[in-house]
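Every position in the sequence shown, counted from 1, becomes a number in our numbering once 854 is added.
Heads up, some of the hints might be wrong.
Stated by the list, open to error - As a list, the in silico SDA-like pairs of lysine to any residue whose alpha-carbon atoms are at most 25 Å apart:
(1) K880 x T892
(2) K880 x I859
(3) K880 x A860
(4) K880 x G864
(5) K880 x A869
In case anyone wonders, no lab produced these hints; they're calculated from the structure.
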Amino acid sequence: MEQEIAVPAGRAPEASLLAHLLFALKHEGIDLATLADTSFGRHIAL
């Protein structure tokens, strides 16, 4: 489990990209400057 996070089944996100992104933002945090530099960040207003 080098790059995996053990999450109880009841708390795991649904199997969609959006659900995984929201889960990561809630539980792992993110550097907003890094997000803004990505192609994804160019499509959202920070």
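- Message: Are any of the numbered hints broken by this structure? If so, which, sorted upward?
- Response: Failing hints: none at all.
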